[in-house]
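Trainee: Let chain A serve as the given structure and place chain B on it in line with the hints.
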Amino acid sequence: MEEQKKADEVQPEGDAAHIAQVAELHAKLLRLQADMDNMRRRHQREKEELGYMAAADCIYQLLPAMDNFDRAVKVLPAGDWTQGMVMVHKQLQDILQCLGLEPIAATGAFDPELHEAVAIDEDSTDPENSVTQELERGYKYRNRVLRPSKVRVSMGGSKIE
Amino acid sequence: MSKIIGIDLGTTNSVVCYLEGGEPVVIPNAEGSRLTPSVVGFSKTGELLVGAIAKRQAISNPDRTISSIKRQMGTNHKVKIDGKEYTPQEISAMILRKLKQDAEAYLGTTIEKAIITVPAYFTDSQRQATKDAGTIAGLEVLRIINEPTAAALAYGLDKGQDHTILVFDLGGGTFDVSILELGDGLFEVKATSGNNKLGGDDFDQRLLEHLVKEFKKSAGVDLSKDRVAMQRVREAAEKAKIELSTLQQTAVNLPFITMDAEGPKHLDISITRAKFDELTEDLVELTMGPARRALQDSGLEAHQIDKVILVGGSTRIPAVQEAVRRLLGKEPHKGVNPDEVVGLGAAIQGGVLSGDVKNVVLLDITPLSLGIETLGGVLTKLIERNTTIPTSKSQIFSTAADHQTSVEIHVLQGERAMAVDNVTLGRFTLDGIAPAPRGIPKVEVTFDIDVNGIVNVKAKDMATNKEQRISITSSIGLSDNEIDRMVKDADKYAAEDQKRRELVEAKNQAEQMAYSAEKLLKDLGDKVPSEQAEAAKSAAAETRTAIASGDITKIKAATEVLTKIVDELSTIMYNEAQAKANSQEQGGQDAADETIDADFDVEKK
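Chain order of the listed sequences is A and B.
Read in the numbering used here, the first sequence has 8 at position 8, and its numbers run on one by one without any break.
Read in the numbering used here, the second sequence has 586 at position 586, and its numbers run on one by one without any break.
Just so you know, the hints here were simulated from the structure itself, not pulled from any lab data.
Relax, there's no trap hidden among the hints.
Straight-line distance between alpha carbons at most 25 angstroms, and here's what the computed DSS-like set of lysine-lysine pairs gives:
no. : chain 1 : residue 1 : chain 2 : residue 2
1   : B       : K307      : B       : K330
2   : A       : K74       : B       : K216
3   : B       : K239      : B       : K334
4   : B       : K239      : A       : K140
Next up, chain A with everything else stripped away, as it sits in the complex (with noise of 0.2 angstroms):
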């Protein structure tokens, strides 16, 4: 404000101080409308993100849920109940799916962008740093980690032999 009284009050020409203020207003301005060009790029790529984060979120909170069921369907005693309770699980399972959601192969070789060790089996028979066994599904949500799986992973006791 203060400079802009200023700026009003001098001469137009022949003032080096006037000019030096131009100069540096104008620098000010060029920043100020390449911050907001950055800025509205950035938006651009943020509100297409929000969309993705939206949906993913929402599919987040419903894994435990999914989790549990996975859980219940390995220990069922067969039966027609059962049969009834693992096609219900099949059918959320396909819908998810449907959604865009994946589960991640918990086999081979350990890989911390995907699996997530929880514990270490320390005399396995598979190779080192490998995966022995899936503890909770991970999943990829339009191909991001969107929470990876828990494993054990072998300590390596295949080296003994």
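Mentor: Chain B only, in chain A's frame:
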């Protein structure tokens, strides 16, 4: 000029921030998180892992995973991996480099300069080591600042008079108390104390033990030997702790937690906040000792502390806040995320050094909405409150009566629905409007607020280009208290105002409909069967009676009846117009009448 980032290089987590348009903002990392675990790992294939990924492989790769390196800063400690030795500076640099790279990717620009925070008790050699870590990471460390100072900056406590501030920082695994004194805009650390083995993790552990004990009591199974089950319980305990910060009670639900000969067992235990407080009472008490010591060392009494700031996620625990309140007898500052407050403050310090903060033109906002009075005494807002100025906004209005040749522009400020409940800033009249049926003239009203807060209001007749204007300088001359009261009043009377506004709108609509009916009858003349004309007349009269009664249900009912009749009359008019395809004047005029309905009517003079 490159941006300066602010980094909170924490023991468990780190945060990176920068200044955007004068406001500090957290930069999410490549994984999309605002917090980056301060963990470094070397995979078995020799790959360097930093952050969440390093943390995930810590259990299977403990010898090659380094966490809490901050505790070793400034010591001769060495980390040995594959026969190569790393100093704590080098390990910290790996964390800093990730933060730098992620910030560069996010901002789309290179970053060379940073402010890094350290605990207030850090010695010169610890500070130097932190600075070296920055240099190794390719950052020019402009300054190392104290974490409590950064927190105070984030709360804007560097402005204002001199005072003493107590910063209470309870993080994931460390606890620090600092007492700062502000003089001449500079912070001086008067005393520090703490416990570097106390934090949120301890609270989780207490809940975990409780859950295991309760489960053993009810189900007879000891979960503590089952690593997999314990992992689930640990996560559930942390979640329950977080929930108990806002809820009085929560339930921990872990179906199929284990199996025995009889079948699956489920853990289902509810925990009240009171129970949680009881379980963690001694932990909270452990924070009080260092707090008292810091007070004693600073030579101050509790009542001499002017401000209290809470830092660290664990200060969200209500019992912790209560203990701080009891000890100091004052309400702690809240509002800035305690996990991020230090990083945000570091970014502000960066802004101060680069001159950004000083140079930022502090853009003002309009504290109250601005608008004009329209038909029925309603305030029509043109500029909403909290709009950043300078700004300008235009809207087209019309007349409320036939052959109206002037309109009065009544400029108002406030949040209430009805004009009379707001503050009048000024009035002026625009005359010389060509006589025309109501709704036909177009008057453009423009509000313009310049950078100095001066409001210019202009009204222009679109037909003649004749205009009138007013300049109001005192618009923002209200005191903060007055503004506050006006905003609060608007909330208080919101329901009542809404009713009044609805009534006015119903009246306006009814009035418009009655007018349309009468106009159509006049224009159509004997083309309307006399029976229908009579019905229309009586419906219009009934609508006017309803308007006079001020009963919104009556008005709406009468309007509804009348609307049907007007539709019928309009159809006759339309058919007439089609029949005489050559003459378009009348039809055109009526069409215009219809379209303007939505924004019409400056108050009739």
